[in-house]
Structure formats: structure tokens, C-alpha cells
Amino acid sequence: GDSVTQMEGPVTLSEEAFLTINCTYTATGYPSLFWYVQYPGEGLQLLLKATKADDKGSNKGFEATYRKETTSFHLEKGSVQVSDSAVYFCGTSGSARQLTFGSGTQLTVLP
Amino acid sequence: EAQVTQNPRYLITVTGKKLTVTCSQNMNHEYMSWYRQDPGLGLRQIYYSMNVEVTDKGDVPEGYKVSRKEKRNFPLILESPSPNQTSLYFCASSLQLTGSYEQYFGPGTRLTVT
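Protein chains in written order, with the working numbering: chain W, 1 to 111; chain X, 1001 to 1114.
Chain W extracted, bound-state conformation:
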């Protein structure tokens, strides 16, 4: 079945630091890839997505590029803010019937 492996946390950064959260996937067919974000006490929200190889998803200063050759979809942001503190989940919809998530990465940004 499909699987997603993402960088274990927690990750703690200072404000304005560069962020990378690694994500690799195993999926059949031509999967779409997603990053979801979960703010404290809330459900998950879609942050960005990419539907085919070499696509770049972007939103709120976050970016991720669909790399088929390395089966990766790493999340990056050039300058994090305190308000970015949250749990980030990488996911794939490779299977026709399920969306598979990674285990989540807790990010804390200190002022």
C-alpha cells in the first residue's frame, strides 16, 4: 500500500529562520501530493498541493516541489514566523481509495 515518511520532530526554530521538513512517499500510479497544517486545537487544513511531477505547490510563503525521481515532496519556507507554529502533515492520494498521511512534524517557532 501507499506510505509516507516525513521528518520526525519536534522542530524548533527562531523567527526568520529557514524551514525544511522532509517528506518521501511510496505510492502506485500517479499520486497527488499534499501538505496539511494543523494549528493548536483545530482540524487539518490544506496548505498546498501538487498533482504531477515537477509541479510546485505554494501558499503563505511555503513551497514544495513534486520530485518523482526521488519520490519526495519536501516543505520549505524561507523565513518562518511565530504564527507558523503548528503540526505539518505530508500526504498522498496515490491509492484510488485512500489518502495516506505521514506521522506529522511539530514545528515551534520562537520569537
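Only true hints are included.
Now the stretches of chain W that chain X is said to cover, found in silico as 3 or more residues with beta-carbon under 8 Å:
1) 42–49
2) 98–108
A short list of chain X residues far from chain W (calculated; beta carbon distances all over 10 Å):
3) 1008
4) 1012
5) 1015
6) 1018
7) 1024
8) 1028
9) 1065
10) 1072
Quick caveat, the hints were computed from the structure, so don't treat them as lab data. Just so we're clear, the structure is a prediction, and the values are computed from it rather than from any experiment. All C-beta atoms, glycine included, are put in the ideal place defined by N, C-alpha and C.
Starting from the known structure of chain W, arrange chain X on it as the hints suggest.
Frame of chain W, contents of chain X only:
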């Protein structure tokens, strides 16, 4: 407002007492699913439904039941809850599963089974 609602938001119960967590969406979505979130394990899918009367097991279905009699509702039923079902539960829906359709998540239900 497009949304997924879950009730209750918090529930404390005792082992063996049947309970139902309701989930409703107002977006006419075909696909709905239930997840549980546990520390260190992330989100794991319990059950999903591709449409009315079509449901299937996810990765961790043991101890749970679901039904999809109407398109908008997808209740999660715990016939005989046990302490290992203490968790944070999320319902989600999307227009379809295939392709790049966004999943919309409810606010979560925190369940404690003593």
C-alpha cells in the same frame, strides 16, 4: 459556510458503553472518512465512504462501525469502547478522492474511555 461538523467535541465515557460520534458536511461531497490521531502515530484512517451505502475499512477499523445512509452524514459508532480507543478523532470529506481534491476536516472529537 462550507464546513464539516462533529459532535460531541469532547466525550468521557466508560468501557463498554456504546457511543456515536456524528459527522455532517454541507458541501454535497461524495467522499467521507474518519481518522484517529495519536501521539507519535499521526493520522490513521479508520473507515471511509465513497458514496451513500458504500463504506470500506481503512487501516485501523477494529472496534468501530460506520454507516452512510445519507450523503451528508457519516457517524462513527463504538459498540463497546475500550481504553485503547482513547484518542482524537477527525471526520473529513472531499468532492472525490481521486485526483487533487482537497479534504475538509472537522474540528475533532476528543474521546476518553476509562
